[in-house]
Amino acid sequence: MADRSPMAMPSRANRVGSMTHRSGSTVAGDPTVLVVRPTDEQVDWVEAAKAGDESAFAALYLDTQPRLLGYATGLVGAEAEDITAEAWLQIARDLACFTGDLDAFRGWAARIVRNRAIDSVRARNRRPSQATGLSPMLDQLTEQDAAEAALTNLSTGSAIALISRLPQDQAEAVLLRAVVGLDATAAGEVLGKRAGAVRVAAHRGLRTLAKLLTEAADE
Amino acid sequence: MSNTRRPSDADGYEMHTPKIRRTRAELERMLDGRPVRPDALTELILAARASEARTDGAGFAAALAAFRSVSPPYAQTSPRRSSMIKNAAAKLAAAKLLTVGGVALAATGGVAAAAASTGHLPSPLPHSSHASKVAVAAVAKHQATPSSTPSASASESAADSDSSSSSPSAHPSATPSPSLRGLCQSWLSRPHEHGKADTNPAFTVLVTAAGGSDAVQAYCTTLLSTAPGQPTPSDSPTDPAESGTPSHSTGKPSSIPTPSHPTGKPSAVPSASHPSGRPTALPTPSHPTGH
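Note that the protein sequences, when read in sequence, are chains A and B.
Take 9 as the starting number for the first sequence in the working numbering and just add one per residue.
Take 6 as the starting number for the second sequence in the working numbering and just add one per residue.
None of these hints come from the bench; they were simulated from the model.
All values derive from a computational prediction rather than experimental measurement.
Each residue gets a CB set at the ideal place from its N, CA and C atoms; glycine is no exception.
A portion of the hints provided could be inaccurate.
[Claimed, not checked] The following label-pair restraints were derived from C-beta to C-beta distances:
no., chain 1, residue 1, chain 2, residue 2, range
1, B, Ala30, A, Ser163, 45 to 53 Å
2, A, Thr150, B, Arg29, 23 to 31 Å
3, A, Thr160, B, Asp219, 29 to 37 Å
Kindly generate the complete structure, drawing on both the sequences and the hints.
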């Protein structure tokens, strides 16, 4: 795979943004979620890992793998662990050729995951679902069931499962933005779209999700 | 049950459909992980982002194996690298401790090479004096690379001075390793997995540093509430065994390079565009960004 060009800088004003991310939460000050913006220490990990620093690589893995796993789960469901494992082999192998900061690294890794997922889906000739290759079991759930499950369950799995039921471009936009932590431009580079298209897709996805959740709550 | 999830408006009336339509700016905030008015959708996104995904030891071990198989040995150390290496050295203590969990992270040859070229090991620092001593010993033993004579003697002296310069008292940690902060962030983002995280070798260093898996939560909360690069008080200043060749000052308070890397986003990270990586002279961020 060709080396990525470094990703454009996020356009958001941002130290303030990362201060707000102290808690990493959108709601109740809950500090237990993936923080979106890289911290100062994290910025250094890529360089150090490129230089052969194993603990930096470990830190990268710990930070990046859950993001990739969430994204991959949205793409291919149960195969996500295999897909991400393959991706890391490639990431490790190609890291020497990669240049960029942590944001760029996340985008690069996400693209690797995406390509792996696409290859896997093609190879196995999966019947494409309305989202993309949901695992067979999830396929059988109705959208309504999925929304209900997400509401009552609130697990990562059920949340991602619901997101993955969106049209593919919307699902991916939401996952790349919210779970992988890319900005619209970087997500666009993964998807081969412009940032504006990513924003539109993500917003549509969110509105659809809101609607599904409301309908499920109203029953 | 789902009825209880309906958000209420300010007057306490349950909001039925149609719900208040969020602005695009709000949606962007939600996607960015910034605070927004709570409702079922934000909780969904929060759940999606919550890192329930296990980072299992086996997956990490495989990735690490791949990383090792391509890790280039250190040729030589440039000045630019030394700031990075100091940071790497800080991570080494953490790395060494990871061996306890069975996932051995080797010392980067770079530290030994740095010793060779600069004449002394960078101030280690990571957290407890014991850990840093262990780390330096690890460097001495595990140097992966060019066993040029200088680095060989460097590491030997390092090991010697290491053992001889035992600080009388275990002084409290100076600046915690940057990787410890990262591990803490990972730990804190996995509230449901502490049982599993205990045995995950990637977290062993944290567990050890905190003094037990029960203590990790408090340790990490404290750690992340301090600004990066700030030392905790009291380190015995000098290393008596310091000599011309590789010495490390176990006790040195952190003149530890709060790694001079570019401040997050706004400062254009030109490093992204030139092959060599980051520029050397960079502003050290002075604001806390702990979580």
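Status of each hint after checking the structure:
1. B:Ala30 / A:Ser163: 45 to 53 Å: At roughly 29 Å between Cβ atoms, Ser163 (chain A) and Ala30 (chain B) fall outside 45 to 53 Å, so the hint is violated.
2. A:Thr150 / B:Arg29: 23 to 31 Å: holds (29 Å)
3. A:Thr160 / B:Asp219: 29 to 37 Å: holds (31 Å)
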